[in-house]
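> So you can see what is in the structure, the chains are spelled out below.
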Amino acid sequence: MATIKVQDLRKEFVTDTSTVVAIENVSFEVGGHEFVSVVGPSGCGKSTLLNILSGIESATRGTVDITEGDRKAKLGYVFQSARLLPWRSVIDNLLFVQSSRGPQVRARCERYLDMVQLSHTAKQYPGQLSGGMQQRVGIARAFSIEPDLLLMDEPFSHLDAITARSLRRELHVMWQETGKTVLFVTHDVSEAVELSTRIIMLAKGGRLVADLPVELPFPRDPASDAVALARADLLRRFESLDLLAT
Amino acid sequence: MQTKLRLRPPPVSAAPGGDERRRVERRRRWLWRIAGYVFFISLWQFTSSFLVADFIVPPPAVILAEMWDIIASGQVWVHFGATLRTIAIGFAVAFALGSATGLLMGRSRWWEAFLSDWVMATLTTPGLIFALVTAMIFGLGPTGPIVAVIVTSFSYIAVNVVEGVKAVPRDLTDMARSFGRSQPQILRHVYLPFLAPYFFTATRYGFSIAWKIATLAEVIVGTAGIGFMMRQKFQEFSMQGFLAWVLLFFAFALFLERVVLQRQMKHVLRWRPEVAR
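Chains A and B, in that order, are what the protein sequence lines are. Throughout the first sequence, residue numbering follows my numbering, covering 1 to 246 in sequence. Throughout the second sequence, residue numbering follows my numbering, covering 247 to 523 in sequence.
Since the hints were made in silico from the structure, they are not lab data. Treat the hints with care, as some may be off.
[Stated by the list, open to error] Calculated from the model, a selection of chain A residues having no Cβ within reach of chain B, i.e. all distances over 10 Å:
{"#": "1", "residue": "R61"}
{"#": "2", "residue": "G76"}
{"#": "3", "residue": "A164"}
{"#": "4", "residue": "D188"}
{"#": "5", "residue": "L216"}
[To be verified] Pair ranges (Cβ atoms, derived):
{"#": "6", "chain 1": "B", "residue 1": "D363", "chain 2": "A", "residue 2": "S157", "range": "39 to 47 Å"}
{"#": "7", "chain 1": "B", "residue 1": "A338", "chain 2": "A", "residue 2": "E146", "range": "40 to 48 Å"}
{"#": "8", "chain 1": "A", "residue 1": "N25", "chain 2": "B", "residue 2": "Q510", "range": "50 to 58 Å"}
{"#": "9", "chain 1": "A", "residue 1": "S81", "chain 2": "B", "residue 2": "S362", "range": "27 to 35 Å"}
{"#": "10", "chain 1": "B", "residue 1": "G385", "chain 2": "A", "residue 2": "S99", "range": "55 to 63 Å"}
{"#": "11", "chain 1": "B", "residue 1": "R355", "chain 2": "A", "residue 2": "N25", "range": "31 to 39 Å"}
{"#": "12", "chain 1": "B", "residue 1": "S362", "chain 2": "A", "residue 2": "H33", "range": "49 to 57 Å"}
Using N, Cα and C, we set each Cβ at its ideal position, and we do this for glycine too.
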């Protein structure tokens with residue numbers, strides 16, 4: 001099972017006129033089969049953190065170690081927007097990210113498309129699908145490489161409430177069925193409480209200010225009292241730390 | 247207490263459906279195109295009959311008969327073959343050079359600084375200059391026109407490809423990198439498909455330039471080809487022969503544009519909803 005070790009991570013963006021610190025001395029660990037949400041206000045470095053973990057960005061300082069046993073862990077990434085290649089059909093988008101070819105790989109891709117209930121769209125182009133369907137393809141694509149660790153960057157933030165809710169349910173089922181480790185970035189505290197086993201709170205300036213377990217049984221009804229209390233507790237913490245101030 | 251929702255079926259639209267609307271639109275476009283031909287050919291006939299002596303502007307029927315003679319005598323294949331060979335060789339080299347230069351300039355600001363002024367210089371220099379320079383360097387024969395085609399078309403392709411490379415969405419290249427795709431895979435599966443519309447625009451402009459410059463160079467130094475035949479008819483002051491070759495040239499260029507290039511473009515860009523329609 002994939003584990004993440006992040007130590008003293010710092011990321012600066014240097015512009016012509018200034019240096020912006022996106023992440024400041026962040027350290028944390030994530031164990032196998034955890035669903036960890038990173039929560040914080042806009043611009044606190046959540047997406048930058050995922051980009052560093054995935055290798056898209058490099059850190060200014062600090063170390064990131066993502067392993068699966070003795071080897072480097074395989075990563076799947078679900079972005080805020082689906083980021084599908086519009087000139088490839090849905091199934092070809094899944095095949096594009098595979099490291100090998102063959103009927104077994106194709107069958108695996110079809111299985112994950114089926115898991116997000118989109119097997120009937122396999123031959124269609126992304127432009128023929130709704131935003132919600134495209135995002136489901138993005139989720140199937142990330143799962144289809146059978147990653148050890150799944151990185152998700154506000155995957156439901158661009159969707160309507162009904163689609164987002166149904167996708168959260170699907171994601172939860174897929175996480176339980178596959179046993180992946182998930183690092184999930186969101187600015188929606190309710191979403192974090194509904195899905196996570198642990199919540200990491202980032203503040204403006206990219207500082208890690210809290211790392212809290214969420215000890216509620218699954219499945220969690222977002223309308224239940226227990227979830228509402230946990231959400232209220234988190235929001236109080238944010239307010240007391242003045243984290244939401246811009 | 248349960249609230250009952252009264253759902254009414256959507257009204258049946260009397261307006262024609264999408265397919266029917268597109269058919270009507272296509273028919274209307276064709277009608278306007280045919281109307282354009284009828285108008286300009288009538289204008290030509292009128293000019294020839296009432297305004298200008300018919301040895302200066304021969305009527306359309308005379309030109310059509312002359313075109314038929316050129317086709318029936320087999321001359322058309324010889325000279326179109328010669329011009330097409332010049333364009334095919336010249337344009338293929340220009341396309342390869344222009345694409346490579348565009349990719350280099352689009353992906354590296356150092357290469358852009360190194361090459362951009364030279365590409366702009368070839369873009370803005372009139373084609374006639376290259377036709378004359380290559381005529382002086384290579385003399386009579388096919389080499390001069392081929393080199394003239396390469397030099398003039400290359401910059402059109404390079405400039406379009408540079409713009410395309412700069413517009414490749416970083417979101418998609420980042421996605422590919424995050425899934426561990428290699429640089430050649432990203433080039434093949436992200437860059438090239440994204441650049442397809444830019445390649446088509448470059449091909450259309452570059453090809454039209456290639457046609458013009460190849461004909462011009464043949465007028466100056468050609469020993470065969472459409473331009474060579476135009477020069478011959480010009481020297482004989484045979485307006486009907488000259489116009490017949492011009493119209494054959496026009497018809498062939500139109501055929502390439504409408505039948506070959508546009509169809510290919512529709513096929514390659516079939517994933518775009520506006521093209522699929």
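> Next, verify each hint and record whether it holds.
Consistency of the hints with the structure:
1. Listed as a non-interface residue, R61 of chain A keeps its Cβ farther than 10 Å from every Cβ of chain B; the least gap is roughly 22 Å.
2. The Cβ of G76 of chain A does not lie farther than 10 Å from every Cβ of chain B; its closest approach is about 8 Å, which violates its non-interface assignment.
3. Remark: the non-interface label on A164 of chain A is consistent with the geometry, its nearest Cβ contact in chain B lying 21 Å away (cut-off 10 Å).
4. For D188 of chain A, the non-interface assignment is confirmed: its Cβ lies about 22 Å from the closest Cβ of chain B, beyond the 10 Å cut-off.
5. Against chain B, the non-interface label of L216 of chain A holds: every CB pair exceeds 10 Å, the least being about 31 Å.
6. Separation of D363 of chain B from S157 of chain A is about 45 Å and conforms to the stated range, judged on CB atoms against 39 to 47 Å.
7. As the Cβ distance of A338 of chain B to E146 of chain A is approximately 44 Å, the hint placing it in 40 to 48 Å holds.
8. In this structure, N25 of chain A and Q510 of chain B meet the distance hint of 50 to 58 Å, their C-beta atoms being roughly 56 Å apart.
9. At roughly 33 Å, the beta-carbon separation of S81 of chain A and S362 of chain B lies within the given 27 to 35 Å, and the hint holds.
10. Taking the beta carbon of each, G385 of chain B and S99 of chain A are about 57 Å apart, inside 55 to 63 Å as hinted.
11. Checking the proposed 31 to 39 Å range against R355 of chain B and N25 of chain A shows it holds: the Cβ atoms sit about 34 Å from each other.
12. Between S362 of chain B and H33 of chain A the beta carbon distance is about 54 Å. The supplied range of 49 to 57 Å therefore holds.
The structure fails to meet hint 2 from the earlier list, while all remaining hints are met.
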